[in-house]
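Below, each chain spelled out in residue letters.
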Amino acid sequence: MNIGSFIPLILVVLLTYGLVQMAKRNKTRSKLRISRKMVFYIPVGYLLVLIISTAILYLVPVNEDSKLQTVEQSFIDMYNDNYLLLHEGKLDAVNPAFIIRQWHQGVTNQKLLVKPRTLGKMPVLIVIERIPGYSDTIDSFLFEGKLVMGDYEVKGYNDDVVISPKANELTIWNKGDRSYKMAYFQYDMIMTQFTSGTSYDNSHSTEEWLPTLYLKIPESIEVTIDEGIKEQVTEL
Amino acid sequence: MSSIEVSLFEIVKKQVKFKLTSYQSIWISLVFTQLFGILLSSVVSQSGDSYSQTDIPPGIHSETVFTTINTFDSTFLMVMTYIWIVASTIFLGVASTKRIDFGFISTRLSQFLSTIFTLIILTAIGAITVYLGNSLISLIFVIFHEVMPVSTHFTFLAHVANVTGVFGYLLLYAAASYLAISLYQLNRIVLPALLVLYGLTINLSATYQFNHPIGQLTRFFGEETSILIFVFKVVIFTAILFGSTWLVTRNREVVS
Chain A
1 MNIGSFIPLI
11 LVVLLTYGLV
21 QMAKRNKTRS
31 KLRISRKMVF
41 YIPVGYLLVL
51 IISTAILYLV
61 PVNEDSKLQT
71 VEQSFIDMYN
81 DNYLLLHEGK
91 LDAVNPAFII
101 RQWHQGVTNQ
111 KLLVKPRTLG
121 KMPVLIVIER
131 IPGYSDTIDS
141 FLFEGKLVMG
151 DYEVKGYNDD
161 VVISPKANEL
171 TIWNKGDRSY
181 KMAYFQYDMI
191 MTQFTSGTSY
201 DNSHSTEEWL
211 PTLYLKIPES
221 IEVTIDEGIK
231 EQVTEL
Chain B
237 MSSIEVSLFE
247 IVKKQVKFKL
257 TSYQSIWISL
267 VFTQLFGILL
277 SSVVSQSGDS
287 YSQTDIPPGI
297 HSETVFTTIN
307 TFDSTFLMVM
317 TYIWIVASTI
327 FLGVASTKRI
337 DFGFISTRLS
347 QFLSTIFTLI
357 ILTAIGAITV
367 YLGNSLISLI
377 FVIFHEVMPV
387 STHFTFLAHV
397 ANVTGVFGYL
407 LLYAAASYLA
417 ISLYQLNRIV
427 LPALLVLYGL
437 TINLSATYQF
447 NHPIGQLTRF
457 FGEETSILIF
467 VFKVVIFTAI
477 LFGSTWLVTR
487 NREVVS
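Chains as they are written, first to last, in my numbering: chain A, 1 to 236; chain B, 237 to 492.
Watch out, some of these pointers could steer you wrong.
[As the list claims (entries may be wrong)] Derived contacts from chain B toward chain A, CB cut-off under 10 Å, selection only: (1) E246; (2) L313; (3) V315; (4) F390.
[To be verified] Over the 12 Å line for every Cβ pair with chain A, so calculated as not near, a few chain B residues: (5) I352; (6) L406; (7) F457; (8) R486.
I should point out that these hints are in silico values taken from the structure, not numbers from a laboratory.
Just so we're clear, the structure is a prediction, and the values are computed from it rather than from any experiment.
The C-beta atom is built at its ideal place from N, Cα and C for all residues, glycine as well.
Sequences and hints are given; from them, build the entire structure.
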């Protein structure tokens, strides 16, 4: 038999006894006496604070800040479809709104080295489409990445990605710490027992789609991928 | 000399009004227990840290992203409100408080009914304030935390269902406490004996692998998803508890 389980019971008995004794003894009550005015104003003030808090939460959009923004699942699905199209090499079918940067890079000697600035993995995926013909120009498209935490999208997620095209090199790195934090408030489960269907997913899953650098490289250009990032590169 | 016939309703109404306005400690304790619960709920969180890696396209992994999601909830606020309703019920149920009731033109029935109506009103106020307290917790986040809180958005009817559910649970606690304190006053051994019996049941159920009655009772209410059926259950169960209390207290003398 677990004796430990009796400890809460003993506490309950002692608490009950204490409460009964406190209620019975007038002396205890007189010690805690508060002036009549305060007795009126404290509960009324408390109620007012609760009502005002509720009004503020409903009237002022405090649930969003500059870093996070609500996102609909249908939008995420649409984005994901575009993401898959891009990785299948169907750049023309991709919604242009998701292309956040586009540029041409001229290379010399028909050679290109793709590398991270520092050792390790890069903050982007790379898709390389080889196009027939001879040219020294590479068309580059940066497809937007997304980080979704629960029902919220992290704004500015792509801002820290740096892509530096120089001569025969394409150097990529991330200037941020890639650390994100948020908090949820949820009602006690008793309070939502009958409305759990309308509640959000308690798992608060985090989903991330890295930005994708789509490169259209003429077949005449010799491409070298740094060993450390090879697994992040897809050649179509 | 004149005699005025006073109806039971009038007596009960007067006594309820008296209890609600005179026992000020109940209102003060409501404020402070709930504020304590709000503060506890605001600082205690479940933290979930994770490294996120993209899995599209399959087989390719990205540079890791470190995410932290803290989940705050209003459980402590709810617990403190339970404690408040139990303490208030004990306060209303003890003999010294009952004696004051008989300063009125009063019968045992009017005293009993007035206590029940007072408890129902207290429970309703407790349910509304505990529910509104969620907003204060969220607001504290917004003011003092850099991170962002997210509240679930309910429809008006959903809010009504939620408050009704909270009211039901608080009323059950009040009714059970009222019966417990009445039993305690009947015989000081009854309450500790019940608690020991409860402990034994829990232990024996764990040892011999059977569902103990408390667990079954918890599931009886906790697994109900229909608010209407829940209300029905609460009404029946509360009626049984209050009825039992009446049976325990109706023949007791008013001791000075």
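Verification of the supplied hints:
| no. | hint | in the structure |
| --- | --- | --- |
| 1 | E246 | violated (26 Å) |
| 2 | L313 | holds (7 Å) |
| 3 | V315 | holds (9 Å) |
| 4 | F390 | holds (6 Å) |
| 5 | I352 | holds (18 Å) |
| 6 | L406 | violated (10 Å) |
| 7 | F457 | violated (9 Å) |
| 8 | R486 | holds (21 Å) |
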